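Chemist: Spelled out, the chains give:
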Amino acid sequence: MQSVSGDVHPEAARLSFVLCYEVRMLDTLVFGSVVFPLLAALAVYFVRGDAARNIIVPVSVAITAAAAVGLASLGSFSYSPQAILGISLNGLITVLDFALLGFIFLIALRMSNLLIMGLTALQVLGMVYLDFFLMDHGTQVTGFYADSLSLTMVLIISIVGGLICFYGLGYMKEHEEHLHLAKSRQPRFFFFMLLFLGAMNGLVLANNLSWMYFFWEVTTLCSFMLIGHDGTDEAKTNATRALWMNMAGGVAFVAALMFLQKSTGTLSVQDILAKSAAPGMKTAALLLPMAFLCFAGFTKAAQVPFQSWLCGAMVAPTPVSALLHSSTMVKAGVYLVIRMAPAYQGTMLSAAVAIFGAFTFIAASALAVGQSNGKKVLAYSTIANLGLIIACAGINTSAAIAAAVMLIIFHAISKALLFLCVGAIEQKIGSRDIEAMRGLFKVMPRTAVITVIGIVTMMLPPFGMLLAKWMALESAATATAAMPPLVIMLALGSALTVLFWARWAGVMLGSTVPGENPPAERQPFSVRLPLLLLAGGAVGLSLLSPFVYSMLVAPATALYAKATAYTVTMGVFENNAGVFAVYPLFLLLGVGFVYALRAAKKVGPEAASLPYMGGSQRVENGKIGFNGPMNGFVETAAGNYYMESLFGESKLSKSINVIAIVLLAVMLGGVL
Amino acid sequence: MYMLSNVLRNIMGKYSTRLYPFETRPAYEGFRGKLVNNIHDCIFCKSCQIKCPSQCITVDPKEGKWDCDPFACVYCSVCVDACPTHCLSMENQHRKPAPSKFVVSLQGTPRKSKKADKSAEKPAEAAAPEA
Amino acid sequence: MLTFIAALIGLALTPVVGGLLAGVDRRVTARLQSRFGPPILQPFYDVLKLLGKAPMVVNSWQVMSAYIYVLSSALAVLLFFMQGDLLLLFFVMTIGAVFQVVGALSVPSPYAQVGAQRELLQMLAYEPLIIVVFVGISMATGSFKIADVYAMEKPLLLSMPFLFIALGYALTIKLRKSPFDISACHHAHQELVRGVLTEYSGPHLALLEIGHWFDVVLILGLCSLFWHTSIVGMVALLVVTYAAEILIDNICARMTWPWMLKNVLGVGLVLSVFNLLWLYVS
Amino acid sequence: MSRTIIPFGPQHPVLPEPLHLKLVVEDETIVEAIPALGYVHRGLETLASIRDYNQMVYIVERVCGICSCIHAMCYCQGLETMMNVEVPSRAKYLRVIWSELHRIHSHLLWLGLFADGFGFESLFMQFWKIRERVMDINEATAGNRVVISVNVVGGVRRDLDKTQQRWILDELDKLEKELRQLMKTMLDDYTVKKRTVGVGVLTAEQAIQLGAVGPTLRGSGVAQDARQLGYAAFDELDFEPVTSPEGDSWARSKVRFMETLQSMDIVRQAISRLPDTELAAKVPGKPTGEVVCRVEQPRGELLYYLKGNGSKNMERVRIRTPTFANIPPLLAMLPGAQLADVPIAALTIDPCISCTER
Amino acid sequence: MPTHSEILNATPIAADAVVAQARSMFDQGYRLVTMSVVDLGDGNVDIFYHYDLNNEMTHFRLTHPKDKPVPSISPVYFAALLVENESRDHFNLQFDGLVLDFNRTLYLDEEITSTISAPFCKISTIQKKD
Amino acid sequence: MGLLENWINKGRLKSPWVVHFDCGSCNGCDIEVLACLTPVFDVERFGIINVGNPKHADVLLVTGTVNHRNKKVLKNIYDQMPDPKAVIAIGACGTSGGVFRECYNVVGGVDQVIPVDVYVPGCPAKPDAIIDGVVTALDVVKAKLGLGEMPKVTVID
Ligand code: NFV
Ligand code: SF4
Ligand code: SF4
Ligand code: SF4
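Protein chains in written order, with the working numbering: chain A, 1 to 672; chain B, 1001 to 1131; chain C, 2001 to 2282; chain D, 3001 to 3358; chain E, 4001 to 4130; chain F, 5001 to 5157.
Just so you know, these hints were derived from the structure itself, not from any lab.
This one's a predicted model, so the numbers in the text were calculated from it and none came from an experiment.
Each residue gets a CB set at the ideal place from its N, CA and C atoms; glycine is no exception.
Computed beta-carbon distance windows for the label pairs:
no.	chain 1	residue 1	chain 2	residue 2	range
1	F	P5084	C	M2001	41 to 47 Å
2	D	T3163	F	E5149	41 to 47 Å
3	C	G2266	D	V3031	27 to 33 Å
4	A	L134	C	K2262	51 to 57 Å
5	C	I2009	D	D3170	54 to 60 Å
6	C	M2001	A	E635	55 to 61 Å
7	A	A285	C	S2230	53 to 59 Å
8	B	K1062	E	P4002	53 to 59 Å
9	B	D1060	D	N3309	29 to 35 Å
10	E	A4015	F	Q5112	39 to 45 Å
List time: in silico DMTMM-like cross-link candidates among lysine to aspartate or glutamate, alpha-carbon distance up to 20 Å:
no.	chain 1	residue 1	chain 2	residue 2
11	F	K5072	E	E4110
12	B	K1014	D	E3171
13	D	K3162	B	E1029
14	B	K1051	D	D3052
15	D	K3307	E	D4046
16	D	K3312	F	E5102
17	D	K3312	E	D4039
18	B	K1051	F	E5102
19	D	K3307	E	D4042
20	B	K1014	D	E3178
21	A	K651	D	E3026
22	D	K3282	B	D1081
23	D	K3307	E	E4006
24	F	K5075	E	E4111
25	A	K602	F	D5083
26	F	K5075	E	E4110
27	F	K5075	A	E620
28	F	K5072	A	E635
29	F	K5075	A	E606
30	F	K5072	E	E4111
31	F	K5075	E	D4109
32	B	K1096	F	D5139
33	B	K1046	D	D3052
Produce the complete structure using the sequences and hints provided.
Modeler: In structure tokens, the structure reads:
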């Protein structure tokens, strides 16, 4: 039922010697990662009732996570299940493919959305052409293949994603209480959430591009369903937008499949990468499908000009946003781009991808500056970071790929954390607006501090994100092509990110009298646990970043370039271009931070004073303000600058989209 | 950029600071500084009290007292102009700041007394910090 | 180890140098304005006095932020003396800048809040410039390590004069000098009182002041990299740079942040791109 | 959009005076500016009922230290009209000299504060440095630097002898030279113009409708100056109102700058024509009747309404100061301006709160 | 011939004509110099409206009972806002249609308005309490 | 510790930062206070800068009479100055209410609201007098720190 083929990679070759039981183990683990979530999803869907769900979800995410850890501990492998219950998997997936496309077509038909219908039809046609005319069904294509990159992805998907699902339990309960639903729609919700995890795992493990395509479309469907979950008009429109944009990506994917099949004769990722390594292979025939794949990746990763679907996805309940942003969906996009990176390494396409990613980085960062909606800030920041990842993929050196993978890991954790925080905040204060979070510390001290921790891990050293950003910038500086514009975009973009993060962190900590602590807050366990775990993870994993690097990231980059990106000695990253001393920094900053906290604690209430108000400060009903005209009390207010005239969505989006389209056109055109 | 020549000229030349109180510039002749009363010549006619816009002089002809609150005085010299005997005058130095307030209270010889120049020759001084 | 000890000594000397620089700055500024000016040691008197004042704060976050600001500025200086990585140094410096903003934002004082917003915009203006300058250096030397700069034979200024000007912009902003004393300035004669510093007082203000000295020395240190080949040249470059800063401070009005963004990012980035292209081609 | 509410004052480093505004800004654009007054209100007009009309001269001088001499002059001129006193012409010329010196010091003071308002510290220092020359003249000739108390009803209290006149001319020459060195900086410097041009625009029509006076009015191109009315010796001196048509902050600063030079010229004219007469006329009787009197202050037209009832106390002294008239135009300038422009716009009317509130 | 200083010669005006008059002055391009209020001591006040056109002044006198509201000209001349509020403070007058009524807090605080009904009404009232 | 304390005390005497509040002054004293900062008098010689913010200041310069509205502001500003601090009342108005002390809206001198350390007479007080005032205030501070004697009051010299 399974075979282990050792013809692809020496790593994998080693695996052919493994014992039979290990193979079975592998079998179980892949099953646990990919198919089990689907079964669990079916279980939650059919076994209704809160109690059952409260058991099924934690248990199944725990199993999935365990499977992921198991897979990761096994190391790279390649693996081809041939058939399930006697049905050939290839055939099964082909059938499912058409079924899925048909289902989407039906949805489009119901909404009488011509665009989606058209896009779906195109894909169907393409698949028909591919499956029945192009494909040589005799060739064996390894179904699954895993290296450090995919295993890292699996870990993120299963663990972070699992935590989000768990958080969803508490969250959705309250969410539905808010909505006063007659009948709980949670079974449907968790069905898609769990399905999503499985599909993502399948996607990142797939070696056969046509399998990957299948999983790809499953995530599209899941996201559509989840975005539209609340069923409001806005939810529906936004879900539809997400659908058509992703379907457009799907068309590109199908196109890439056709071209690849035609030019290389295989859809095996490993084969294609191996072939491309040969000199003289990086011709238009190979690069065109690569460009299409990148395009597909861009749509999924919500790169400009497709950013709007991801922002629109904000209407969905928070766990969905968290899932889409941190561990699934968008990460699929960048995964694909990185996965294929060796195939276009050193070409103009690579430079174009880098520029495009950098542009997304700066554009999305600028858009984030103009937002006061916390979730939107998070959304744009996600897009920006994905842009950065893509830029790294485009830079395409081992250091850059290392940066990209590090970004994927740390972004997933911090971003999931931030989304969950915003969700928790929103349920408490009824708003996701940053302005409404002013002085949140007084209301939700723990969540506020955790959110600030999340933000700080996003933007400051010595945390993983910054380590990754450092890698990115240094590799950009050594990039061979298009360096000056690339660097300037990255520099501007990172300054913009500091801007919007710092002000958010600042407003949360609002005033309390020194030495006085606000009352402790209460929170459901299923909300608090993921928050604590993720916050701990964001900090702890940063502390472990040298290990993360050498265990997960370095092997992943080894596939891309011979040279190792960084040597790590005693927690100090170093290569020719620079040094980043993680441990010393952690040590000094940590000690300093503790000292600063103690100093802050020491200042007691006797040192308290009101803010300076030109001498007319006044307190009324616990509100701080000043004595204004007519001796009236005026409460002071302060607002961040969102500079709508500069950074407003409506102002910027248009020009950003135009530039992005031009860049895309150049990218596609440049290949030919 | 036009300022450049100005600041450069400043730094080349000497600073224009008067190093008060280390160096003092000779006072201008007519400066209206500290108000002094040569109490010998005072006839307690009350002209100063009546004309003073700040109403800070109190003259008590019976007791022969002339009081002035130097912290309410606005140094306008109206009293000086009004004084028939020219016993009031102003120094050309400002009155020095003090850590507490007081009233300058001068004891002269009441007008009606014939032995005017005998008893109170020297001005009595009394520091009466205000309540 | 030796570098580490040397770096520690350097770190200890930095506030002394920073304070003296500030003192000289104030004296020279006074003379430029035809005033006698304060004693050269004045900044030390100020800081000592502030340290002796009773603490007065609006909330505890302020205090924490002040400490972190000083800490990270000092750390950045330490990294500089240890000839570490330029980008890393920059990121560490950012911690301080960010916490300055966080401290100001945590207070419900409109002046501090607006000051914080402006400080952020200033960061937006100078951060890209500094990064680009570092990239320029890395192009010239092949790495971001300061040690590699010292290994160069020719002074950097010769190959990156425009980037030096760009760094000059950043320096002016960091020094809070006209025309860029937008978020806070040395004397409170502006609409924001003292912007981000408004709500700090006593010892905590002293901390920020010391942190500022670290920042100034650090940026001047970065400038010094442009003429590393001889001590004389380095000193001359620094003197000229600092003198130019003081002069500019005295011959310009304070500008507004929209002007700053337009100008610093516009002119600065054009200069940098030009210089980068030049480096890139050669 | 997020709003920030800022108390501008009463204690504020930009303005030494307690002007208090409640500013509501969005990003940094002012959407609402509401003034609060009363921090300097003393109610000195009521002192008229317990001080006699001669003592009131010294009290109205203290309406404001910057324009004090001219307050006293206006009050005295009003009383002189009411009591039908002919002022000796030397006194008239001396009044011109001292009042113009006051204008010079007031304008220099303002130019400095204005420079400080846009953060040009060294320029501020320069203006105040050269202003000290005028202060020295005041101190040497009138006996005090600021509140000079030279006016009395019927004339003046002090004289200028020949050496003093020559010294004043000398000092003015030096002052003018130094002032001209700053002209380009104030009016042409790139950074200064960036901050002043187009800030706080007031058209001529608006200015009149809102009741603007003085440089605020003339900066909008309206040539109105109360000195044209020919009080004191102004009817015998040559001058033209200084105007500038732009109506923005730059125009107002230009008007004030030029007026400073013009005032020096007027002082020179006055000194050269100083007639030889008495210093003060005798004032018979007690004031009775109603008089309205106007003079040009540094900040614009000042109006006194005086009512005497035949006793030594005035029935009513009503003072309408120029800043009082200029505040409504200021309120019209602020909305839409940038926060950073608030000090600039506020300063361009040369606000004097102690005058406004008395 | 405009003069700087004149014995006041004011045209009497009725309360109901004040606003119309102001409007017509406004239309003719007059500048509102100010208003002056004098307490006549018999329960009436004199309110003067001083207008100016090219340095030539025109005055109107409204004699009005203190306790009756005065029509406000601030809707016509925004500049009247401050004077009218000031008169409210000092004479406790009421104005009808004042665009922004500080309600006697323009200059004065509780401490004064509660102890002195109108500081400018009677000479004796200004005598300080303490 | 002793050394540091000495240094701090030295700093206290050499760096009196001032905040100026115009408390209903006629501007006469105000502009003289400002004039002190400018080249001809330049009090920065003594380390004085006008910080414009009570939280940074050591010395409060008050000019003008206290009235019913600004007395609260005065108190507020005084309260926002961290210890140790000193107050200097400037001019006839600041010390006693000056010519205005009988006006209905006038409370009187600054000492009606907050404790005053030094009174500077004059109307307006000359910059020289203000400098003398600051010097006297420093003596007062010194005396309060136990480092010297309280400056003497000379009524007639
Ligand atoms: N406003 C006003 Fe004055 C003037 N000029 C006058 O009446 O300054 Ni204080
Ligand atoms: S100088 Fe003036 S205020 Fe002083 S006592 Fe004489 S008259 Fe009164
Ligand atoms: S006016 Fe002269 S003589 Fe008369 S009481 Fe006063 S001081 Fe004495
Ligand atoms: S003391 Fe004199 S100069 Fe000073 S504020 Fe009072 S009245 Fe004005």
